[in-house]
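Peer 1: Take a look at the letters that make up each chain.
There are 2 protein chains.
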Amino acid sequence: MSPSSSFLFLFLTISLASSHGFNHPFDPLAPLEITQVQTIVTSYISSSSSFTTNQKVHFHYVGLEEPDKPSINSWLSSPSLSSNLPPRQAFVIIRVGQQTHELKVDLSNNSVVSNMLHNGNGFPTITSEELEIANALPFEYPPFIASMDKRGLNVEEVVCESCTVGWFGEKEKSNRIVKVVCYYLNGTVNLFMRPIEGIIVVVDLDQMKVTGYNDRAIIPIPKAEGTDYRQVKETDGEGERRLFRSSLEEEIIMQQDEPNFSIEGHTVRWENWEFHLAFDMRAGPIISLASIFDPEQDTYRRVLYRGFLSEIFVPYMDLTLEWYFRVFFDAGEYGGGLCTVPLQPLTDCPPDAKFMDGYFTNQDGSFGKTPNVFCVFERDAGNVLWRHTETGIPNRVITEVRKEKTLVVRTVLTLSNYDYIVDWEFKKTGVITVTVGATGLLEVRGTEYTHADQIKEEAYGTLLAENSLGANHDHFLSFYLDLDIDGEANSFVKTKLETKRVTGNWSERKSYWTTVSEAAKTESDARVRVGSGDTQLVFVNPNKKTKIGNNIGYRLVPGSNVGQLLTDDDYPQIRGDFSKYNVWVTPFNKSERYAGGLYVDQSHGEDTLAEWSKRDREIENKDIVLWYTMGFHHVPCQEDFPLMPTLNGVFELRPYNFFEQNPVLNAKN
Amino acid sequence: MSPSSSFLFLFLTISLASSHGFNHPFDPLAPLEITQVQTIVTSYISSSSSFTTNQKVHFHYVGLEEPDKPSINSWLSSPSLSSNLPPRQAFVIIRVGQQTHELKVDLSNNSVVSNMLHNGNGFPTITSEELEIANALPFEYPPFIASMDKRGLNVEEVVCESCTVGWFGEKEKSNRIVKVVCYYLNGTVNLFMRPIEGIIVVVDLDQMKVTGYNDRAIIPIPKAEGTDYRQVKETDGEGERRLFRSSLEEEIIMQQDEPNFSIEGHTVRWENWEFHLAFDMRAGPIISLASIFDPEQDTYRRVLYRGFLSEIFVPYMDLTLEWYFRVFFDAGEYGGGLCTVPLQPLTDCPPDAKFMDGYFTNQDGSFGKTPNVFCVFERDAGNVLWRHTETGIPNRVITEVRKEKTLVVRTVLTLSNYDYIVDWEFKKTGVITVTVGATGLLEVRGTEYTHADQIKEEAYGTLLAENSLGANHDHFLSFYLDLDIDGEANSFVKTKLETKRVTGNWSERKSYWTTVSEAAKTESDARVRVGSGDTQLVFVNPNKKTKIGNNIGYRLVPGSNVGQLLTDDDYPQIRGDFSKYNVWVTPFNKSERYAGGLYVDQSHGEDTLAEWSKRDREIENKDIVLWYTMGFHHVPCQEDFPLMPTLNGVFELRPYNFFEQNPVLNAKN
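Which chain is which? The protein sequence lines are A and B, in order.
Following UniProt numbering, the numbering of the first sequence begins with 1 at its first residue and continues without gaps.
Following UniProt numbering, the numbering of the second sequence begins with 1 at its first residue and continues without gaps.
No false leads were mixed into what you were given.
Pairs involving identical chains hold if they fit within one copy or between any two copies, as the list cannot separate such chains.
In silico lysine-lysine, DSS-like type, Cα no more than 27 Å apart, as pairs:
hint, residue 1, residue 2
1, LYS496, LYS456
2, LYS354, LYS668
3, LYS179, LYS209
4, LYS456, LYS494
5, LYS494, LYS580
6, LYS614, LYS510
7, LYS496, LYS544
8, LYS580, LYS496
9, LYS428, LYS405
10, LYS456, LYS510
11, LYS354, LYS405
12, LYS510, LYS494
13, LYS547, LYS521
14, LYS510, LYS173
15, LYS544, LYS69
The hints are simulated quantities; they were obtained by calculation from the structure and are not laboratory data.
With these hints in hand, go ahead and build the complete structure from the sequences.
Peer 2: This is the structure:
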């Protein structure tokens, strides 16, 4: 890019960044601001005596330094006053000279406010550029080429992917490494169904070179036939070509003119809901200040201060040499936001969806863009909001039915083989439903087996096709939910449904159940494994009651869920101990954001939700955070081959004596 | 009706009944056939020496006598051969001279094939006519009028409803009674929010007179204000009038021309699915012979032989005198099918839905019709069937996304206050999802309380508004699912995910989980309370395997669910013991259809799923039936007042090594 075109680009960016004419303190860093951070940090490094001249800086994270709550609340009291905006700061993680630094950068005065060296275990999110280079290194490594030759494979058809390596109790300070595993395309694009087993290439990311190599065994590569998933495989010399999609084209014609929601800057308004939607290169979508309008009080009432996907823990259950370390912490190791993909209009989202872009930081500090990173759409799934047919009044039949429409915010995170469709759905009833759809490709292990009858010992999974074992694994997605149920100070109340036996003859009945509620005093009271359905989990504002005296609250309604099965002392579990319970509650602490820790790559589990919770802090009538872990045990089946249909997990936040009465009684169709 | 108009009517009915030009042995009785049954039975009674001349006959049930499986299978082998059709028979339950008779009626030769007197406990479904008369009896009963006067109530604004009375250990042979409870409309149509507490009117249904009365206490009636739920309350002298619904009118315009599914007679075909849909006055919708097309085998493969809602058990947890007996078995006591309501086009179902009517039998044997009892529609909820974005191949990005559309069959059962929206949803992936939405009105108890702080003793529920206690209760819906996974003989396999500790140093890991599968041998092995998610529940065809050797199967995937909390010895629980486990499996037995028994009104729990299961029959590699109970614990909250938003329960049947691979890999958008 020449200097003049660069200037033009910056100018355009400025125009775009301010085009919505409105600033919100939770707005993510705009492209111009990312560039500004790059300039400030680069200049700081080159001028600071702490750093050697000309040391190369890699940016691993650049995001908004979240303003303190008091300053947000002060701004909210009169948001039109721009002087009320909290100072605009960035939180930055860089690697310089094989060390990790955390910087706080003030954008208003172009300064680095603080610089902290990270001395502990664990490394920041690996950059996309590092992965790209590491994935290419085997092709310049003669022993690897020899291994391919030995197998008779055409190197041009081999692709490699870097796996994070975890931690397995090593005491010495570890190098920042990945283990590269490779696949043989030759006739398919579905690389994950064609693993070249038996080979591990160890790459040191700081030195960016191969530091270890093992070719243990030659194992058959599953066949390519039947693994491709593309609609059109023909090429016209310029890559894939698409058929004209007639049915989708028709849908465009049916598209309605204007959506029934508005997006002003990053603020989304729909029916009785208002919330802020931001993109972050670590967390992906962040929902802030979600509030629902209460016509009775003639005001918006807060439900959720901040909510995002905090970590994704995917431990595989295959203990073979090339597999045991596959215990991914996807969001922290690869970057949940970095791995978002552009949503395809008409297929990923309905025709009338509106799209937003997301901006992240490249390794060199420049900004990158994921176009269409979010879509927002109104969903009419043909459901009924409420209904009743009254036939109990003689000679009259009354039927009243209201249709349900909801608002969906969708993001897709593609973490290598898996695609996670993350939907935040807002309902007029006050319900927030979070649905995660898992689809994409399984990780498959190559094997000699061609028939299940041949399997005589532990195979760690299901034979999905000839030579293809689908490895057993879990997904644990931890959601950070800083609830503010009608205000900041909340309590977590467990309402147990208890069987009461009737003693004496005063009733014809011998039993019934009733509710016994108890507020969790400290963090240890608030660890819950869901499942029995006999305990209701309610977050109340103990300082407010409805007119008739019930505690104002919201219920956490888990969907079908599972818990961790690994032993407590297993290293992956030490790092991902948040998966032991589905529910944790902590007092708000700005530094506690990621359930597996800030530096999760090769972490030792020292900075995790489970560790913080051990402090057993008080959580009653405090500003508290709910951490909800949604789990899937995945025993693969043949229907998952060569690509799996979407499998959904879900949870809800549902008003529970939050309103004086049904808030949608007056809903119109 | 004059004889000539009656003839015309019959003629029209014949034309209608045969209009689809196709007969299926599972087709429900057509109106003409119901009339034929009425004629045959009436003539039989009047001519049979077993009955006194001129004894009045009440028809409590008339439905198809389900043909035997071999005759169905024989017909299926060449369905075009009408001679292959099994004999057309009806199953009839009548009451004559205070006794219950079961008749089998052959329609081909106009005869009663069998007549069995029911000597056991329990009574058949109460007829709508009986309920109507019973509900009116208090108004002719002077002590009741006096009670109204004492309370200063205008009798014209009082309406009453009959509650079944259950069984509480009485040894003597019971009369067929209901307990009538009343409500005060005066200013609302929401009668259930305005109970007149303290009064019970006992009505003997056989004598059809008041046989007991108690006015125990005067308790405030909750106010009417704010309880009405109608969109337009103004009247123009001819009852309610509707506003012009502009947004719905628009949707009609957007309606597509032809749906993507066909309904031929009662057979529905959509994408890869084919099934038969029938209406029954007890069970409501019955899905039969649900089969999915397998392009690899070029044939339809059976999944479900018969599926329907077998019973709905709703025990309330309020032990006060007017409430303890409210432990309803709605489907058997009031008739699940009898209580279906006509679906409202545009609101209960989307604009492009197709509707079907249902026919039932009136008390006198004539037929009645519920128009629009089912709707069938294709749903596009904006979901993704599957997707993947592949970024692992250098210099290429591949994104493939397929939209999901599904087919929904919807019915609404309005059981007095509650409306159940029952959706059978078929997915191209082979998944069958059953969703039950509970909406409508709570049962509310009148109380002195106007503020929660006043409650010092057990209130059995939540104060929802002044003087209104929402009673704690459960819903247990038992689904009868006669699975035929790729054939009749199936086994139920529990696949447990077991933690394995690694011993020795051969792995860096200390643990993993693996699967241990065991087929249930007998009924006692097959009782499961779901929840932990650590056991997969699979129905396999042990006689068939996929090409690579996996058992062909379908998984039962429970949604979030609950189990029974009543004690085993409590009378309601003895009658509704199927609620103790979410999963039961029995060998197919034509007489075992209703989890709470055939004669559930005032039953003693002698003919229930739990009782049948005690025989502990063999179920491995047999024609087996899965009974799945979906449970809700409902602790009411203010949002449920004065009408509750829809609350969903769900379960799925999902192919599990049923197909050789993902059956929707080639799906087109």
